[in-house]
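**Q** In case you want the letters, here they are:
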Amino acid sequence: MLGLTIQQIAYIFQGAGWTIILSLLGFVGGTVLGLPIALARSSNSKALRVASSLLVQFIQGVPLPVIMFVVYFGISIGGFEVPALVAAGLAMTLYSGAYLGEIWKGCIQAVPKTQWEAAECLALTPAQRFVYVVLPQALRIAIPPTVGFMVQIVKNTSYAVVINFFDLTYSAKVINNSTFMPFTVFTLAAAIYFAICFPMSVLAQRYERKLHRS
Amino acid sequence: MYEFDFSFLNDYMPDLIHGIWLTIGMTVASILPGFVLGTAVAVARLRGRPWVKRIATVYVEAIRNTPLIIQVFWLFFGLAALQVHIGPFAAAVIALVINVGAYTAEIMRAGFQSIPRGQLEAADCLALSPFQSLIQIEVPQAVERVYPALVSQFVLMMLATSIMSQISAEELTGVAYMIQSFTFRGFEVYLVIAVFYLGLASALRFVLMGLAEVSFPRRRRLRTPL
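As they're listed, the protein sequences go chains D and U.
Residue numbers for the first sequence follow UniProt numbering, so the first one is 1 and each next one is one higher.
Residue numbers for the second sequence follow UniProt numbering, so the first one is 1 and each next one is one higher.
In short, the hints are calculated from the structure, not lab data.
The hints are all genuine.
Here are the simulated lysine to aspartate or glutamate pairs, DMTMM-like style, with alpha carbons at most 25 Å apart:
no., chain 1, residue 1, chain 2, residue 2
1, D, Lys210, U, Glu61
2, U, Lys53, U, Asp124
3, D, Lys46, D, Glu117
4, U, Lys53, D, Glu208
5, D, Lys46, D, Glu120
6, D, Lys210, U, Glu106
Source: prediction; values computed, not measured.
Let the hints inform the model, and build the full structure from the sequences given.
**A** Encoded structure:
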């Protein structure tokens, strides 16, 4: 099939499986890190705002492959031998945490100020104001850009190839090295990435149109 | 306890500077062609015949939904298989242009769509040809509206050059890998590299924003922020 053996194609799909696993790790980790960042970015305390903004700017100003290397070598200087999945997962967590935090900060701020004021008039505590009034509205705004960013996460897991993490890009590279059929191999890899990413892109667009209509 | 050792900075400074220049070179070489390609594709998607529109849409979606590395590998190893030998630098720039063109097309499309109809009608009344109206009226206004988004996109592109060492272009990250394999000081090397990239990203943003001050005199006079 396509000039590749069944084993070679299976190898590429095995890589695709790890790409999905790393993407999920990146998204879950990014959510765990991104929520506090979003809260700190839109908090009233200046120190929290400055600290979180510095963290975000640092991560957004450094290429993801370099973050991967820093995490990878950073873990190993402690004398720990960890699999590439851990290093790649941590790097993806830092990366998507910074971006998701920034996206969600925008969503929280997009909720009209009058909503906060109305909640205050109803004598809700700050926590209640946030959880019962602002969060449900921010969540609705947050869905389209979050789904859109998930596409970025899937695509950017490919950078884990620099620390030799076995994912779709890595497996395609290996198969290309042994068969030297670059067009076939990389078109197949691109098609798999596309099959994962495109439905999410369409979904993000659809959600966005829905949000604009309402 | 781990002891940090940054002595490689002295020994390998020329290599690092060479890497920085290559990163800057790739970025600068890709920005203008990428912008022109993206603008052309945006126009094709908005004004083209149906088949032109379809090709432009397929291009944009195909690029935006696949990783840059796969595109680079496809181009670099594919050309090698066709016995076309271009250097890694040229392959990297071509891949970056094709990649950033798709993102620029989406940004510019938004820019074109935000131009008030009155501007197009006025251009028509002045008997400008559709091409004149595009170049003299629409493109400048569209760029002015989406300029910050364009700047962010080009900064992201500069950061993305860091994977070009995968096709043996010895840019900053590639040099870092070389140094780390000689000195076994991977953590320190990449920390330093991270700081270099931060500096490069701020410098690029500063230069491009400075360019806006010069190129949009109307904004400067009215003191409207971008």
